[in-house]
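If you read the protein sequences in the order shown, they are chains A and B. Just so you know, UniProt numbering puts 304 at position 304 of the first sequence, and the rest follows in order with no gaps. Just so you know, UniProt numbering puts 72 at position 72 of the second sequence, and the rest follows in order with no gaps.
By construction, these hints were calculated from the structure, which means they are not laboratory data. Among the hints, a few may not be true.
As the list claims (entries may be wrong) - Derived contacts from chain B toward chain A, CB cut-off under 8 angstroms, selection only: (1) Thr72; (2) Asn85; (3) Ser296; (4) Gly314; (5) Ala324; (6) Val369.
Said to hold, decoys possible - Residues from chain A that face chain B, not an exhaustive set, calculated with beta carbons under 10 angstroms: (7) Ala70; (8) Gly78; (9) His196; (10) Thr287; (11) Glu305; (12) Lys353; (13) Ser357.
Glycine is no exception: its CB is placed at the ideal position from the N, C-alpha and C atoms.
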Amino acid sequence: MWLNTALGVGGMVVCWLMSRRKAKRLEVGDGWWGSGERSLREKEDESIRPFKIETSDKEIEDLHHRLDRARYAPPLEGAAFHYGFNSDYLQKVVAYWRNQFDWRKQVEILNKYPHFHTTIEGIDIHFIHVKPPYVPHGRAVQPILMVHGWPGSFYEFYKIIPLLTEPARYGLGDGDVVFEVICPSIPGYGFSEAPHQKGFDTRATARIFHKLMKRLGFKEYYIQGGDWGSGITTNMLIQVMLGAYVPWLVGFTREDVRRMYPFMQKNVYDILRETGYLHIQATKPDTAGCGLNDSPVGLAAYILEKFSTWTDKSFLHRDDGGLERKYSLDDLLTNVMIYWVTSSIASSMRYYKENLSRDPALSDNTRFGVYVPAGIAAFPEEITHVPCCWAKMIFKNIVSYSYMPRGGHFAAFEEPKLLAQDIIHFVRRVEQL
Amino acid sequence: MLLEILLILGTIIFYFLRSRKKEETLSFKEGWWGRGQKPDTEEDATIWPFKVETTEKDLSDLYRRLDEARFTEPLEDSCFHYGTNSVYLRKVVSYWKNQFNWKKQVEILNKYPQFKTKIQGIDIHFVHVKPPCLPEGQSAKPLLMVHGWPGSFYEFYKIIPLLTDPASHGLSDEHIFEVICPSIPGYGFSEAPHKKGFNSVSAASVFYELMLRLGFSEFYAQGGDWGWLICTNLAQIAPNHLRGLHLNLASVTNMGFTHLLSILLGRYLPGLFGFQEEDVRRMFPFLKKGLYRILSESGYAHIQATKPDTVGCGLNDSPVGLAAYILEKFSTWTDLEFRNLEDGGLERKFNLDDLLTNIMIYWVSGCIVSSMRFYKENLQKGIGTQKHEKLPVQVPTGIASFPNEVMHTPQAWAQKKYTNIVSFHLMPKGGHFAALEEPELLAEDILQFVGKVEKEQLWRKKGE
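Same shape as in the complex, but just chain A (with noise of 0.2 angstroms):
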């Protein structure tokens, strides 16, 4: 249903992209979201600035005086994950965040890739943009878009970028495809600027994005984001409940059912204890981002819950969260970390209202197909699973659809060499087409 939609915010960016490039194309529009009025005089700076992520001794400072006084409240008994972020582990989280976490460290390893900003319809949009360090004579170069999502940020790719730009290094096939990889923050998010008016959604960054590629050069291109959208309606109910006893009838096969039923339980209950944050954030996005941008513990416990909970569902009854089996605590916390010093938490949330306060029913999601090839990796812990045949009401030319054996919704972080086979599975097919 349509908070599936939500659930990959960079799904639905994807989307919108990728029904652009169809014959019965979606209107475009223009947009602009800076401060005050657009100059019609002045025209709009396209130069690409590099850009370096810095940080202070100030900045270090301020952090580590909050984590210092934070006020915790101690968690019920044997309530695990169950009522939300641990507090007791929590604690521990931050000892490590102010006593182990580098921060000067972390800033140079977001500095090895090339960052940059350039400025469209009115804000500055940050990207980084890896090329191969070697591509074998008259290969192509695949040039990949690749989208985050929410609570995550460009740095969820940083894994699997080598993976892509160069696969024979590590085994995933002879370099016979080879990616260039940009991965944008979306407005509002991390280091891209944050709009200034109302009503910036997915068709906005999609269009903005599209501007990129080709500011950068880009006719064609892949798109890459987690997720995807898609919009509950009859025929999926009643599919639902046929498929629990002849999936077959339905076009189910047994590995949807052994993952989407018992129906209710897998679905319903999961998706409404799920959905508390989307439904603030898509209603009061100011209200739920003002405390979390003035605590960083509060922020943290925020964005890792979602890190525990969205890996792995059984996570929940674990006093930890089991956030440490699948992430290392550095990488978590840079991420929470891309959030704190650029401030854009409430941002961040404001993108939910963006694109869910109007009716669901009339997302262009939902009326317009996808036509262009698409490939669909299904990873176990998502929570929910959406079958082939669903996933075809909106993606009409599915070129691969993979049932993956382990991992959740933050696919790149989680299984970067899974994800990057499937991709390059996926572009292979496609250039063969």
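Position chain B relative to chain A; hints supplied.
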């Protein structure tokens, strides 16, 4: 023929009697909410006096956090549509730092006697105000008043004098009250439960024990927000102890087919469903005034009912974040139109001292997280699924329905649950925080309700 008629009549009478005699009660909920194992010793039932205190350390920590607060600029022309507007919030924070006098407010808080006592393993805080003087031959009626979220016992500070000393405030002194305002466990100065499962029935059981411990075998109860539900549960647990139940919110969570039908057709056939003109005005068009309104205003309830510890974490660490979160409710739930104002209309109905005092109660007690857990404990299984939602209330009930409540419940719906409604008034003005915003109107309604109940000794005739 006669035999058949008699048989049919007999069956009808039998069923009628059976359903009337079925005085369904909710059981009192035993519990132990303290840390660790329940000790074998008997619980200490002493009641000791309590005073709110503050320290220089508390204040300087607060001021430092206010000074270092990080704000996010609002979108142009967004007013309160995206939540609390940070431009206005800065003004509030500036007042908070420079003019708000917490020490003075603490003295105001302490002007009413406060106490604590241990019940079911946790310390329960309450205010207990007796009338300053009683006319010859009159006795004070005990009145339990229960707050909600994001309120506190402080919400009642303006209405208490109107009830304990009505004559001095131009109200009839036919009925005079001694008022008991407890803090719900997990709110303000009441200890938070340490165990899972503390819901409205638990709170009602705890407050029932409190009233018994204070020596009251019969009393009145009044509430709105969670107070509505806790007092309703109290009426279901101990109908023989409750003389009357007064509510300024009366939600109906057990929706049936008739409700659905009345939503679809009520606008066109109000009489058929028992709707008055004012009901229709407040409820329709239903999509706009019902469904969309609920969706746009219930995000907080959804996240608090699922991940209270996550959402509360930052709010317990950032006073500015806490203020934004709480003030948004005092704005929107007082008048939905306030969303269109840059300042959220807050100071039209409340003064900043009162609003900040309420917020300070959450801040100094560190109770925002535990206050939010109450949502999960009550709502995690879904709305309309719990036993008490299906049970009626037979205690004489008075309902004051304020026009700016987010959702309107018409009398036609309320009376399916509250089967003994003695008075139901559509109030002329006011919103969710009635006791703080319209204390006179609410006090008058309570007085007239109690008057009716006492005059007709209605508490003797429950269930008819």
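Interface restraint verdict for Val369(B) against chain A (beta-carbon cut-off 8 angstroms): Interface hint status for Val369(B): holds (4 angstroms vs cutoff 8 angstroms).
Satisfaction of the Thr287(A) interface hint, Cβ to chain B closer than 10 angstroms: 3 angstroms, holds
The hint names Gly78(A) as touching chain B; please verify it with the least Cβ-Cβ distance against 10 angstroms. 7 angstroms, holds
Status of the Lys353(A) interface restraint (C-beta, 10 angstroms, chain B): 6 angstroms, holds
Let me know if the C-beta of Thr72(B) comes in closer than 8 angstroms to any C-beta of chain A, holds or violated. At about 4 angstroms, which falls below the 8 angstroms cut-off, the nearest Cβ of chain A leaves the hint on Thr72(B) intact, so it holds.
Does the nearest C-beta of chain A fall within a distance shorter than 8 angstroms of the C-beta of Gly314(B)? 2 angstroms, holds
Quick check on the hint: Glu305(A) CB to chain B CB, less than 10 angstroms? Holds, about 5 angstroms.
Does His196(A) hold up as a contact with chain B if the rule is Cβ-Cβ below 10 angstroms? 6 angstroms, holds
Can you verify the interface hint for Ser357(A): is its Cβ closer than 10 angstroms to any Cβ in chain B? 8 angstroms, holds
Satisfaction of the Asn85(B) interface hint, Cβ to chain A closer than 8 angstroms: OK, holds: Asn85(B) within 8 angstroms of chain A, min 7 angstroms.
Does the closest beta carbon of chain A sit nearer than 8 angstroms to the beta carbon of Ser296(B)? Hint on Ser296(B): holds, closest Cβ of chain A at ~5 angstroms, below 8 angstroms.
For the hint on Ala70(A), does the least C-beta distance to chain B fall short of 10 angstroms? This hint holds: Ala70(A) lies near chain B, its Cβ roughly 5 angstroms from the closest one there, short of 10 angstroms.
This entry satisfies every hint, going by the numbered hints stated previously.
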